[in-house]
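Visitor: These are the residues of each chain, in order.
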Amino acid sequence: MGNPMKIRAASKDGVTEVKVLVSHEMETGQRKDAAGAIVPAWFITELVAKHGDKVVLTSDFGPSVSKNPYLAFKFKGGAKGEKVTVTWKDNKGDSRTDEAAIN
Amino acid sequence: MFRFSKTILVFALFSASTAAFAIDKYQGVGRQATPAEVKAWDIDVRPDFKGLPKGSGNVERGNELFEEKCASCHGSFGESNEVFTPLAGGTTKDDIKAGNVKGLSSGELPQRTTFTKVATISTVFDYIQRAMPWTAPKSLKADEVYAILAYLLNLQEIVPADFVLSDKNIADVQKLLPNRNGMTTDHGMWPGAPAKKGGIGNGGKPDTANKACMKNCKPEVLIGSTLPDYARTAHGELRDQNRSFGPVRGTQTLGPEAAKKAADAGTLDLATKSGCMACHGMKSKIVGPGYSEVVARYQGQTDAESRLIAKVKAGGQGVWGSIPMPPNGHLKDEDITTLVKWILSGSK
Numbered sequence: 009m010g011n012p013m014k015i016r017a018a019s020k021d022g023v024t025e026v027k028v029l030v031s032h033e034m035e036t037g038q039r040k041d042a043a044g045a046i047v048p049a050w051f052i053t054e055l056v057a058k059h060g061d062k063v064v065l066t067s068d069f070g071p072s073v074s075k076n077p078y079l080a081f082k083f084k085g086g087a088k089g090e091k092v093t094v095t096w097k098d099n100k101g102d103s104r105t106d107e108a109a110i111n
Numbered sequence: 026m027f028r029f030s031k032t033i034l035v036f037a038l039f040s041a042s043t044a045a046f047a048i049d050k051y052q053g054v055g056r057q058a059t060p061a062e063v064k065a066w067d068i069d070v071r072p073d074f075k076g077l078p079k080g081s082g083n084v085e086r087g088n089e090l091f092e093e094k095c096a097s098c099h100g101s102f103g104e105s106n107e108v109f110t111p112l113a114g115g116t117t118k119d120d121i122k123a124g125n126v127k128g129l130s131s132g133e134l135p136q137r138t139t140f141t142k143v144a145t146i147s148t149v150f151d152y153i154q155r156a157m158p159w160t161a162p163k164s165l166k167a168d169e170v171y172a173i174l175a176y177l178l179n180l181q182e183i184v185p186a187d188f189v190l191s192d193k194n195i196a197d198v199q200k201l202l203p204n205r206n207g208m209t210t211d212h213g214m215w216p217g218a219p220a221k222k223g224g225i226g227n228g229g230k231p232d233t234a235n236k237a238c239m240k241n242c243k244p245e246v247l248i249g250s251t252l253p254d255y256a257r258t259a260h261g262e263l264r265d266q267n268r269s270f271g272p273v274r275g276t277q278t279l280g281p282e283a284a285k286k287a288a289d290a291g292t293l294d295l296a297t298k299s300g301c302m303a304c305h306g307m308k309s310k311i312v313g314p315g316y317s318e319v320v321a322r323y324q325g326q327t328d329a330e331s332r333l334i335a336k337v338k339a340g341g342q343g344v345w346g347s348i349p350m351p352p353n354g355h356l357k358d359e360d361i362t363t364l365v366k367w368i369l370s371g372s373k
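Those protein sequences? They're chains E and C, same order as listed.
Numbers 9 to 111, taken from the working numbering, label the letters of the first sequence in order.
Numbers 26 to 373, taken from the working numbering, label the letters of the second sequence in order.
Hints in this document: simulated from the structure, not taken from any laboratory.
This one's a predicted model, so the numbers in the text were calculated from it and none came from an experiment.
Accuracy of the hints is not assured; some may be wrong.
Stated by the list, open to error - Non-contacting residues of chain E with respect to chain C, defined by C-beta distances greater than 12 Å in every case (computed):
| # | residue |
| --- | --- |
| 1 | 11 |
| 2 | 22 |
| 3 | 40 |
| 4 | 61 |
| 5 | 76 |
| 6 | 97 |
To be verified - Calculated pairs, DMTMM-like style, for lysine to aspartate or glutamate (alpha carbon to alpha carbon, straight line, at most 25 Å):
| # | chain 1 | residue 1 | chain 2 | residue 2 |
| --- | --- | --- | --- | --- |
| 7 | C | 118 | E | 102 |
| 8 | E | 91 | C | 151 |
| 9 | C | 50 | C | 69 |
| 10 | E | 91 | C | 93 |
Just so you know, even glycine gets a beta-carbon here, dropped at the ideal spot from N, CA and C.
Take these sequences, add in the hints, and give me the full structure.
Guide: Shown next, in the form of structure tokens:
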């Protein structure tokens, strides 16, 4: 289920800027722990952002993305009070969805 | 801060009974500070919350204020690592329970943040009230400081999203601070008496011992390295930056250019007063571009002056990287014009 994401969305002059702080370990699968055993890979593979029902961003994530990634993007449209939804899936089959209202 | 304001307090009480003391001793020098002057200066908030102003603020209002005044440098979530180290992040629920941030000692943390280190919430309050926002320190009202602090505590997952922070409950928040037990006072940097004598430090004993050399000592001091030539001017004319009395003068670093600098000093004062010098250097980038870099970019463009005036006024972003320049509507138009003309004519 993962920890909640922090999402801010602000609309200005017909363009909505969305900022997302994802809480995720993002293990590459290449690090070793103190005992020398490989730390198993655990990272987000796919992230989708929707404005209402409309998909505004899809992205393929991989092991090179940092821990607790920060993401910012803009899309045309969006008005105060409407919802922006962000969903990620990781390589362990886990996923999480969070939403925020545009202001 | 702690020591100084205590002194002032004692002095204020003392001087109330013998008001003419200082003036008698130093004829014609200065006057007593008025209670209002002392009050304006005495803004510190201490770990026991002495000096804390009354007020309250909620997370939502803090979010609005943070977006408006803080996010351009610190990032919307206090996560920005571009200019400053991040404000929030790096602590766990266990840390909040234990009062010690485990990541600091285990080496697990890639980077420290404000909330992994700070042991007293009063320090954060005091700092925001005293020094933030960078371009307009002390401009926040008490309620706004409470709101911004509530937002930061929420980012750190110490308080819930509907939390209202006030002077009444800030002591309860202190009990939830992740690194509240992380402060040590048993070292020489802590002033006052040692623990044995009822103080909290070690009595100012240094961590290292500098023993006098008794044999095989070096006969004379040799200067092993000096600043390379290209770096000598990195901080401008050093001689001008030292006080004009006493033995220390500072090396003359700029040579003949120094004369021009003196002529431009008036405008430099204006730039310093207006907050420009917090982010812009004379020659090189601090947060924003250095003035000589600006001159180089806009050289030969006839409309450069009017464009830059508009930009200083309204703020801008993107020309010199992603850190935005905040708008400066509070400056007078003629001051902005003077500053832009000064920058384009080579400042120094």
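Visitor: Hint by hint, note whether the structure agrees.
Guide: Hints, verified against the model:
1. 11: 9 Å, violated
2. 22: Residue 22/E clear of chain C: closest Cβ-Cβ about 18 Å, beyond 12 Å.
3. 40: 15 Å, holds
4. 61: 25 Å, holds
5. 76: 7 Å, violated
6. 97: 22 Å, holds
7. 118/C / 102/E: 22 Å, holds
8. 91/E / 151/C: 37 Å, violated
9. 50/C / 69/C: Roughly 30 Å between the alpha carbons, so the hint for residue 50/C and residue 69/C is violated.
10. 91/E / 93/C: Measuring from Cα to Cα gives roughly 22 Å; hence the hint holds.
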